[in-house]
Amino acid sequence: MATPLTPILTAHWDDPDSFTIDGYSRHGGYDALPKALAMEPDAVIGLVKDTGLRGRGGAGFPTGLKWSFVPQNDGKPHYLVVNADESEPGACKDMPLLMANPHALVEGIIITCYAIRARHAFIYVRGEVPHAIRRVAAAVREAYQAGHIGTNIHGSGFDLDVVVHSGAGAYICGEETALLDSLEGRRGQPRLKPPFPAVAGLYASPTVVNNVETISNIPYIIRNGVDWFRQFGTEKSPGFKLFSVSGHVRSPGVYEAPLGITMRELIDYAGGMREGSELKFWVPGGSSVPMLTAEHLDLPMTYEAMAEAGTMLGTATPMVFDQTVSVVKTVTRWLEFYKHESCGKCTPCREGTSWMTGLLETFEAGHGQESDLQIIDDICHQIAGRSFCALGDAAATPFPGAMKYFRDEFVAGTHTSADDAFNPVASTVLAGASTR
Amino acid sequence: MTATIPVPADSSPPPVDGVSITVDGVPMTVPKGTMIIRAAEQIGVEVPRFCDHPLLDPVAACRMCLVEIEGQGKPQPACAVAASEGMSVKTQRTSEMAELAQRGVMEFLLINHPLDCPVCDKGGECPLQNQAMEHGRSESRFDLEKRHFDKPINLSAQILLDRERCVSCARCTRFSEQIAGDPLIELFERGSKQQVGIAEDRPFDSYFSGNTVQVCPVGALTSSQYRFRSRPFDLVSVPTVCEHCSSGCGLRTDVRRSTVLRRLAWDTPEVNEEWNCDKGRFAFAHAATPEFDTPLVRGDDGILHAATWPEALERVAEGLADARGRSAVLTGGRLTLEDSLAYSKFARAVLGTDDVDFRARPHSTEEADFLASVVAGSGLGVTYDQLENAPVVVLAGLDPEEESPIVFLRLRKAARKRQLPIASIAAWATPGLGKMFGTLLPTAPGAEGEALSALARGGDTLGSDGRRIAALLNEPGAVILVGERLATCTGALSAAAALAHTTGARLAWIPRRAGERGAVEAGLLPGLLPGGRSLADAQSRAEVAAAWGVSVDDLPTKVGREVDAIVEAARAGAYNALVVAGVDPFDTRRPDDVIAALEAVPFLVSIEVRPSAVTEFADVVLPVSTITQRAGTFVDWEGRTRVFGQVFRTSLALTDARVLAMIADELDRPVGRQDVAGMRKEAAALAPSGSGRREVPSVAASSVSASSGQAVVSTWHHLLDEGTLQRGDDDLAATARTAVARVSAATARAAGLTDFVTLSTDAGSLDLPVVVTDMPDGVVWLPTNSHNSNVRRVLGVDHGAIVSLASGGGA
Amino acid sequence: MGELPQVVRGFGTTFVTMFKHVNTEQYPEAKDKFPPKPRFHGRHQLNRHPDGLEKCVGCELCAWACPADAIYVEGADNNDIARFSPGERYGRVYQINYLRCIFCGLCIEACPTRALTMTHDFELADNGREKLIFEKADLLAPMLPGMLKPPHAMAPGTTAKDYYEGTVRGATPEQIADAEAQANPEPVVIEGVVFLDSEVTQ
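Protein chains in written order, with numbering that gives the first Met the number 0: chain W, 0 to 435; chain Y, 0 to 810; chain D, 0 to 201.
Do not take every clue at face value.
[To be verified] Derived CB-CB ranges, DEER-like: (1) Lys75(W) - Arg136(Y): 45 to 53 Å; (2) Ser370(W) - Pro231(Y): 32 to 40 Å; (3) Glu307(W) - Gly17(Y): 37 to 45 Å; (4) Pro430(Y) - Trp12(W): 34 to 42 Å; (5) Glu69(Y) - Ala430(W): 28 to 36 Å; (6) Lys75(W) - Asp266(Y): 36 to 44 Å; (7) Asp407(W) - Ala81(D): 53 to 61 Å; (8) Gly43(Y) - Pro193(W): 27 to 35 Å.
[Stated by the list, open to error] Calculated pairs, BS3-like style, for lysine-lysine (alpha carbon to alpha carbon, straight line, at most 27 Å): (9) Lys148(D) - Lys150(Y); (10) Lys192(W) - Lys89(Y); (11) Lys416(Y) - Lys75(W); (12) Lys32(D) - Lys19(D); (13) Lys192(Y) - Lys192(W); (14) Lys150(Y) - Lys192(W); (15) Lys416(Y) - Lys434(Y); (16) Lys434(Y) - Lys75(W); (17) Lys19(D) - Lys36(D); (18) Lys75(W) - Lys31(Y).
No lab work stands behind these hints: they were computed from the structure.
Just so you know, these numbers come straight off a predicted model, no measurement behind them.
We treat Cβ as the ideally placed atom computed from N, Cα and C, and that holds for glycine.
Whenever a hint applies, use it, and build me the whole structure from the sequences.
Written out as structure tokens, the structure is:
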């Protein structure tokens, strides 16, 4: 095994009180805070910039750079908004993190707000996870009681309020500007950019929107420094990352490893493929990125290597599928999700996803027209790059990727239903892979 | 009147930064911030679009206008990307990427669009239809089931929605939110189920709702009035000017076979931009057809009988024969400038009287002096553009949303885009003021003059808001707008003029009716001759006599009476004859007195379009053309002449001016033919010469106060109410605001008011629901002429009068 | 002498013709013997759905297509009180001016609902201009068995689409009962005051 796991955020998840302030403090929690408060805010930004930390929400935008876009001394309030609206199919890293180590996030928020001179921070948590919301809210409450949040934090003169906000469960609200609209009490729909949130975000004021995992990295970076952080990962993708491996592996779960680990290693860590099954295809970062096959198992999981392979690292939440799975059915299910979650603002996504889903369902049912494959492909091209936000692009991703490797299965959908071709029970946990 | 067109005031555009770009290889320089779609229009390239509208904020939702920008891998929406230096844009004409993107979006737009063009009102003038022909496939590739909704559903009594046709461009919701400030419609649901809707208990009762039908790029929004009535290719469109208020909106009147089928806002950037109000759009039934076929002459049996024009004119001549100097002329505020001039001339030169007044509404001598000195002959004064760019606008006795909706839209636009400070001197903060983000300077009725004087003194007595506004008023370009009801507040107009003088702010008078400013220009006030000249001034008399082609000696020299005095004099038998044009006695302060006067006068000529309270008593009724049958000119509140042509060119109905010319001929005191062209020449000849300006009034402000159990009435009209010109459209009336009485909490408590209040005077009483409002104590507000709230007709009082309050039993 | 034989020859030609096949059609005596060709363009007809509702939706496309400007249509709203066609819209006014009509049939091609077709009736001469402007009542197809004279409701449970797809085959008992009820309105009593149906809905 070349690449060892690097439990940092996840180091103490198995402590019974990992989610409490005591549990967090026992392992050096909140030590980074005084250190950061003693620094100049710009120095904190500079430090984060130097680490090369890239956003963990999917796009991989350099975090320090994003912070430095916030105009200073503009007289407007600044805001930090933490995007905890994790709703990508297959992604399950932010919620466990919120459940098991919420104080890393809270401490990260305090340091980030100090750096970007924000006096208010919002944690926008997806509405369907009340248990996670309770954990975060409790953590914030504890931090208030401990004096980490509030007025004049530890005598530094720095004031901060943190609000935990529950969304209503729309996928689009994970898009940063739609999230801001939702937070302001409007319908969650993406905003026209420019202006970018860093200039006019929440309540038309400079706002930084960061993913939970990104912010949770901050205390560890402050505590251990740039060099420590850069020892993990690669030059362009430094650091460690939560990989939530799901699907037909023996032990699906969250594995924290340096960027650059290969999928083969991750599958091994996850106990290998389940009994008697062999890998058919996998996606590196949720349903919004093109799928890969066994030939790609040895690629390093970095932003740049994945892009080279024609896909994206995304949220780094690999889904693994074995031979019992119908590609047609999988893609159809994903598209049904995108159709359901399309916000309706722009035409390509609104109309394209519903049309594509309608056509894919005919293939899943075994009465597709082969000529419709061309239409679906056209639809994907008519959505990609033309929709208002990245959700449209995401919806246009699965089909062309699937067609690249599994065109035959779609052609089979002209006469055989997906359920006939692939016994649906066989891919579930109810059946050993050997049943087929 | 060309006379009132002055040199355009100091409106040289400020220098703008230009950026050089190329569109389809054509180099051009456009102002910084210009969207690509606008730049392309300049070289005649129309990028297809749905959500884009030049007056709405860009949203880039429909994605129809995607174009290629060199150096960018993805096509970009032309409506939302501003031109930047050196940008090279390729539209669908030169870029395959743009062409393909547009075709793709068009295909998407059509997959769920129902194929009901044959029964859709938009068919034939539909942007979706047109652009589908240009950028769509000839055959659909979509053979799944289309999306279905129940259709149509009512958003309000007059706006219907067909959700299947909607392309979710959000023009309607954005208009309502951004322009009108009535966010009563919103998009609901998501994905392909997204639809426009209203809250369950709040219909789309916006004064501007009709605009959404006009901006809808598909047939999703239709009006109950025009629904299925016609096809675009049936219609003959005529540019017209709205006859309702003094905003001066340009309209497009669509006609088929001698019937007006609909009216739309005409793109008039300097006035109404591309909008108008629902009254202007939907209330045109009044002009459908004249309700008189022939002149009517009262017979010996006391009944009006149809008569020929020669018979009727002969009878008029008989009746007016001995009326020279013993007659009066009441014209009302709805005449065109041409007709107003004709009445002005007829009264002075033919009847030899100066007892002429257009103000068929509460008025005062102070107002007449104000109009004669400040307004008459002042030409194009404050303009819409100046309003938009002013440092502050003070509204005195004016609620623009109710009284001049386009002024409201302009003020809201400026308040929204550049935080124009607006202050209102009124009893309470109306919804309109809220939508203009304005400040209320709370003022009880009658105290308006005092409030204006206080602003002149620095606003200290009006609190911090007052001080702020008073300071802003000293900045160049500040504007004071005064409304019609200041006529009833003693000293208020004097104070407004004084405030303008002290601060250097510009002053404009915004009347409610389209013809009032024109009537002032035409001299339809006692002592006032056309062009702001004074009757008392010899040179003015000479100029006017020359223009009219009469001897100076034919003109009266004695300054005449105002409406109230005319009414008194008529009842006292001072007149042998009265000539009345479009006057409704119930618009006046004391309707009973007016009716008594009409009854008392020996000979009454009514020149009218439709039967009215005046024709009931008239000895002769001379029918004139409706607004659609005549050409003319309205002078809007700015002083801008708004010329319009005849909608029905084949109409033989006569204008007032022609009828007066015929009467003059019959009386052997000919005044010429008085056709529209002739009257316009006359208007030019009467251009203001600056001679004989009257003194600006300086009446001391006084205030009224109510004793216990009483309250001072504050009242103004709702835009949609029981006005004569709004008759005949029930769906429009259904969107009117409900009449309520507003009192302060303390007043309500003192009078023991709970749900309903009974307001009473000697003349009668009104029962209205009570709404407790933040307003001065001892004041009650109610709409002037709404359903169940006819202040003048029932109570016989007006703004500033005292009424008794008692807890009411409910209606 | 030379002239006479020529005359005789002429009569001879005439005489011979008497035994040749005659092309003249005896009109109007024998018009039934010579019906127009199947695709003859005769007088127009406004067709009905099998339950009697009109097919015309008042879209005016016929009027738009007409090169002679012979057609005049005004649409109107169907509503719950008076329904003349399936769907939202019907033709309230329908006129064809046969002084202008050139029987080109472009209106037929334009009609989206197959409401307008042409019959074989060509006997349109009359002695007054106004008589040659045919109104909707003159153009509507006759009521066939199974049809119910509009206005009446659509067949229960159907949409306009069902009508266009031809699944409505004739007036249902419910429609007939409805129409009868409308023809003989039962008085509606509201708080002791008696209204007729028509008054209530006004």
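Okay, the hints, checked on the actual structure:
1. For the pair lysine 75(W) and arginine 136(Y), the supplied restraint of 45 to 53 Å holds, since their beta-carbon distance comes to about 49 Å.
2. At about 38 Å, the beta-carbon gap between serine 370(W) and proline 231(Y) stays in the expected band of 32 to 40 Å.
3. Our hint of 37 to 45 Å for glutamate 307(W) and glycine 17(Y) holds, since their Cβ atoms are close to 43 Å apart.
4. In this structure the supplied range 34 to 42 Å is violated for proline 430(Y) paired with tryptophan 12(W), their Cβ-Cβ distance being about 56 Å.
5. Our hint of 28 to 36 Å for glutamate 69(Y) and alanine 430(W) is violated, since their Cβ atoms are close to 56 Å apart.
6. Remark: the range hint 36 to 44 Å for lysine 75(W) to aspartate 266(Y) is upheld by a beta-carbon distance near 38 Å.
7. Here the CB-CB span from aspartate 407(W) to alanine 81(D) is close to 60 Å, well matched to the stated 53 to 61 Å.
8. At roughly 29 Å, the beta-carbon separation of glycine 43(Y) and proline 193(W) lies within the given 27 to 35 Å, and the hint holds.
9. Restraint check for lysine 148(D) and lysine 150(Y): satisfied, since their Cα atoms lie roughly 25 Å apart, inside the 27 Å limit.
10. For the suggested pair lysine 192(W) and lysine 89(Y), the alpha carbons sit about 21 Å apart, so the restraint of at most 27 Å is met.
11. About 19 Å separates the Cα atoms of lysine 416(Y) and lysine 75(W), which keeps this hinted pair within 27 Å; it holds.
12. Taking the CA atoms of lysine 32(D) and lysine 19(D), the gap is about 19 Å. The hint holds against a cut of 27 Å.
13. Restraint check for lysine 192(Y) and lysine 192(W): the C-alpha separation of about 25 Å stays at or below 27 Å, so the hint holds.
14. With a C-alpha separation of about 35 Å, the suggested pair lysine 150(Y) and lysine 192(W) falls outside the 27 Å cut-off, and the hint is violated.
15. Our distance criterion of 27 Å between C-alpha atoms is met by lysine 416(Y) and lysine 434(Y), whose separation comes to about 13 Å.
16. This hinted pair checks out: lysine 434(Y) and lysine 75(W) have alpha carbons roughly 25 Å apart, not beyond 27 Å.
17. Under the criterion of a C-alpha separation no larger than 27 Å, the hint pairing lysine 19(D) with lysine 36(D) is consistent with the structure, at around 25 Å.
18. Among the hinted pairs, lysine 75(W) with lysine 31(Y) is consistent with the structure: their alpha-carbon atoms are about 26 Å apart, no more than 27 Å.
Violated hints for the displayed structure, listed by number in ascending order: 4, 5 and 14.
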